[in-house]
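There are 2 protein chains.
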Amino acid sequence: MAAVEASNKQVVLRDYVEGFPRESDLLVTTGTVRLSVPEGSNAVLVKNLYLSCDPYMRNRMSKLVGSYIESFKPGSPIAGYGVCKVIDSGHPNFKKGDLVWGITGWEEYSLITAPETFFKIKHTDVPLSYYTGLLGMPGMTAYAGFFKVCSPKKGETVFVSAASGAVGQLVGQFAKSTGCYVVGSAGSKEKVELLKNKFKFDDAFNYKEEPDLDAALKRYFPDGIDIYFENVGGKMLDAVLLNMKMHGRIAVCGMVSQYNLKQPEGIHNLFQIVVKRIRMEGFLVFEYYPQYPEYLEMVLPLIREGKIVYVEDIAEGLTSGPAALVGLFSGKNVGKQVVAVARE
Amino acid sequence: MAAVEASNKQVVLRDYVEGFPRESDLLVTTGTVRLSVPEGSNAVLVKNLYLSCDPYMRNRMSKLVGSYIESFKPGSPIAGYGVCKVIDSGHPNFKKGDLVWGITGWEEYSLITAPETFFKIKHTDVPLSYYTGLLGMPGMTAYAGFFKVCSPKKGETVFVSAASGAVGQLVGQFAKSTGCYVVGSAGSKEKVELLKNKFKFDDAFNYKEEPDLDAALKRYFPDGIDIYFENVGGKMLDAVLLNMKMHGRIAVCGMVSQYNLKQPEGIHNLFQIVVKRIRMEGFLVFEYYPQYPEYLEMVLPLIREGKIVYVEDIAEGLTSGPAALVGLFSGKNVGKQVVAVARE
Numbered sequence: 001m002a003a004v005e006a007s008n009k010q011v012v013l014r015d016y017v018e019g020f021p022r023e024s025d026l027l028v029t030t031g032t033v034r035l036s037v038p039e040g041s042n043a044v045l046v047k048n049l050y051l052s053c054d055p056y057m058r059n060r061m062s063k064l065v066g067s068y069i070e071s072f073k074p075g076s077p078i079a080g081y082g083v084c085k086v087i088d089s090g091h092p093n094f095k096k097g098d099l100v101w102g103i104t105g106w107e108e109y110s111l112i113t114a115p116e117t118f119f120k121i122k123h124t125d126v127p128l129s130y131y132t133g134l135l136g137m138p139g140m141t142a143y144a145g146f147f148k149v150c151s152p153k154k155g156e157t158v159f160v161s162a163a164s165g166a167v168g169q170l171v172g173q174f175a176k177s178t179g180c181y182v183v184g185s186a187g188s189k190e191k192v193e194l195l196k197n198k199f200k201f202d203d204a205f206n207y208k209e210e211p212d213l214d215a216a217l218k219r220y221f222p223d224g225i226d227i228y229f230e231n232v233g234g235k236m237l238d239a240v241l242l243n244m245k246m247h248g249r250i251a252v253c254g255m256v257s258q259y260n261l262k263q264p265e266g267i268h269n270l271f272q273i274v275v276k277r278i279r280m281e282g283f284l285v286f287e288y289y290p291q292y293p294e295y296l297e298m299v300l301p302l303i304r305e306g307k308i309v310y311v312e313d314i315a316e317g318l319t320s321g322p323a324a325l326v327g328l329f330s331g332k333n334v335g336k337q338v339v340a341v342a343r344e
Numbered sequence: 001m002a003a004v005e006a007s008n009k010q011v012v013l014r015d016y017v018e019g020f021p022r023e024s025d026l027l028v029t030t031g032t033v034r035l036s037v038p039e040g041s042n043a044v045l046v047k048n049l050y051l052s053c054d055p056y057m058r059n060r061m062s063k064l065v066g067s068y069i070e071s072f073k074p075g076s077p078i079a080g081y082g083v084c085k086v087i088d089s090g091h092p093n094f095k096k097g098d099l100v101w102g103i104t105g106w107e108e109y110s111l112i113t114a115p116e117t118f119f120k121i122k123h124t125d126v127p128l129s130y131y132t133g134l135l136g137m138p139g140m141t142a143y144a145g146f147f148k149v150c151s152p153k154k155g156e157t158v159f160v161s162a163a164s165g166a167v168g169q170l171v172g173q174f175a176k177s178t179g180c181y182v183v184g185s186a187g188s189k190e191k192v193e194l195l196k197n198k199f200k201f202d203d204a205f206n207y208k209e210e211p212d213l214d215a216a217l218k219r220y221f222p223d224g225i226d227i228y229f230e231n232v233g234g235k236m237l238d239a240v241l242l243n244m245k246m247h248g249r250i251a252v253c254g255m256v257s258q259y260n261l262k263q264p265e266g267i268h269n270l271f272q273i274v275v276k277r278i279r280m281e282g283f284l285v286f287e288y289y290p291q292y293p294e295y296l297e298m299v300l301p302l303i304r305e306g307k308i309v310y311v312e313d314i315a316e317g318l319t320s321g322p323a324a325l326v327g328l329f330s331g332k333n334v335g336k337q338v339v340a341v342a343r344e
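Line order of the protein sequences matches chains B and L.
Quick note on UniProt numbering: the first sequence kicks off at 1 and runs consecutively.
Quick note on UniProt numbering: the second sequence kicks off at 1 and runs consecutively.
Treat the hints as calculated values from the structure; they're not laboratory data.
Where hints are given, some of them may not hold.
Since the list can't tell identical chains apart, any single copy or any two copies may satisfy a pair.
Restricting the straight-line Cα-Cα distance to at most 30 Å, the calculated cross-link-like pairs of lysine-lysine (DSS-like) are [as the list claims (entries may be wrong)]:
no. : residue 1 : residue 2
1   : K307      : K9
2   : K235      : K262
3   : K189      : K85
4   : K235      : K307
5   : K200      : K245
6   : K200      : K148
7   : K148      : K262
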């Protein structure tokens, strides 16, 4: 019996990127795909439903040497987290019809050769797209970074940068639920409104309207910051260091302001680490995935009770993918940027 | 009965210092002192025997605002750790003849108004001057920073900067006794020899002869660094960040290369904190003083058995104090810099 073939739209990286990525760095092409797994293989063939646009993906567009991730391959489709439906499976743990999330290709169909790295989706009474965000990698990132790295205590002050993004909006809400005072920064009036009115941050500001970030932080944290959830790096980090409290903690999740620079900005206020006895710790979500069930147990009831909200910015169709991904680096998205490839 | 008076030589700060301190920033003068404590006071009058020259003292020469320490007062004697003999006491815990160590004035006699902060010296079978170093603040600093902040494990790789100094030489020896591989950097051939031959570091290099610190570190740590004991900051820290291993730890003790700069150098490689999941933590020895008895219990037997060695650079007489202190910042001292004011 001849295998069924289908056309397969793909988003391909033209060449390694330097500086700010442009839409033209990505190419939408159409190939074909066999809709079954090769005989005898352990692979799984999936239909991609939702694709996640995440800041770390910028790093994979560069020619990387010895990083924690690999470069995308010029001429091949890029990859990222996605929500997928199993079409065919050669793996005992997965069967046709299963919904899963994990790292998949930016294309309509993908052959997954290491399906062990995928999570099965068991709860479908919440939007499926949430598994690219609140219930996926960014959710686990917020959970691990805030609770596990920062050990927050009730009454502490928390600052979150890139606060309306996929991770930041959750850190803020987790901080509120812990009884912390939380302020977020974002890059537009609209996002600041979102932080204050939708995510219930205690306060928020537009960093683009603050010529003096140190002064801004002193305004919002007259007694200093206990916990900084670091998403941006650069000048914001330097200003935060001047405003940390004694024994403050900085969870370093990312430094998106630096990803498009050839030479990262210099940080000048690191001696504050001694003065204030600060702990600054980098973390990667992969190491916390064994705690995903524990996270789901905490967060699913909160979602169902409406105690946690999540804002997504959904781009329709794979063809809109390049613009959606690139837009992340100029802050075009409001909330978690998702690309809807197909609605099942 | 009239109180006995004595002449009292003092080292006085002329004015706040900017940039590299010079001998002429300090003035040796002679006043008088009453050799008894005021009636009804809790104070203690001490004769200063040994004074400690420590890098952090540079910060107190500047006009500081909101730091963890206070500026020295222009026109008054500077202060620092010292070993002293009690001449008169109004405090129930101290009596004439007691040997103590703590923060005292740079002068022949000092009236200590908060003697509670002093430690009594109970073991005098070791050189008294050691209580400014190995058995004093620098010793506790090495102990707390290495064992408590870095949680070292046998077989790990350790890098120490300013390794022949008061703290560094101990960190290296503690690392060896833990079964670690340890390399130190210092600023002269003589110091490098000391590290290798006297303190038994596995290896050592002269950072002034290394145009490319990253390359030097890759030579000594082809598989990377687990623990960095940070004493210097600046370019060395930036190079170390590129060479840390996964889950590496950086104990930030000081950043002496930065203390004389108006604007600290920028650190560009901080994103490595995420890539390698590094924990970077500042600490101050004060918070660990409750563990001083535990430290003595560990270190005294090692000294007596000759399993730990300590090199001091002793300047004779208070008049030599300004040159000794200022010399610290050009690396003139070989080993722990002490000023011997009187030998009991």
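Results for each hint:
Taking the shortest Cα distances, K307 and K9 never come within 30 Å of each other, neither inside one copy (38 Å) nor across copies (70 Å). Taking the shortest Cα distances, K235 and K262 sit within 30 Å of each other both inside one copy (16 Å) and across copies (18 Å). In this homomeric assembly, K189 and K85 never come within 30 Å of each other (Cα to Cα): the closest approach is 38 Å inside a single copy and 65 Å across copies. Taking the shortest alpha-carbon separations for K235 and K307, neither the intra-copy value of 33 Å nor the inter-copy value of 47 Å comes in at or below 30 Å.
In this homomeric assembly, K200 and K245 come within 30 Å of each other (Cα to Cα) only inside a single copy, at 23 Å, whereas the closest approach across copies is 39 Å. In this assembly of identical chains, the alpha carbons of K200 and K148 lie at most 30 Å apart only when taken from the same copy (22 Å versus 39 Å across copies). Neither within a single protomer nor between protomers do K148 and K262 lie at most 30 Å apart by alpha-carbon distance, with minima of 32 Å and 37 Å respectively.
Comparing the model with each earlier hint shows violations of hints 1, 3, 4 and 7; every other hint is respected.
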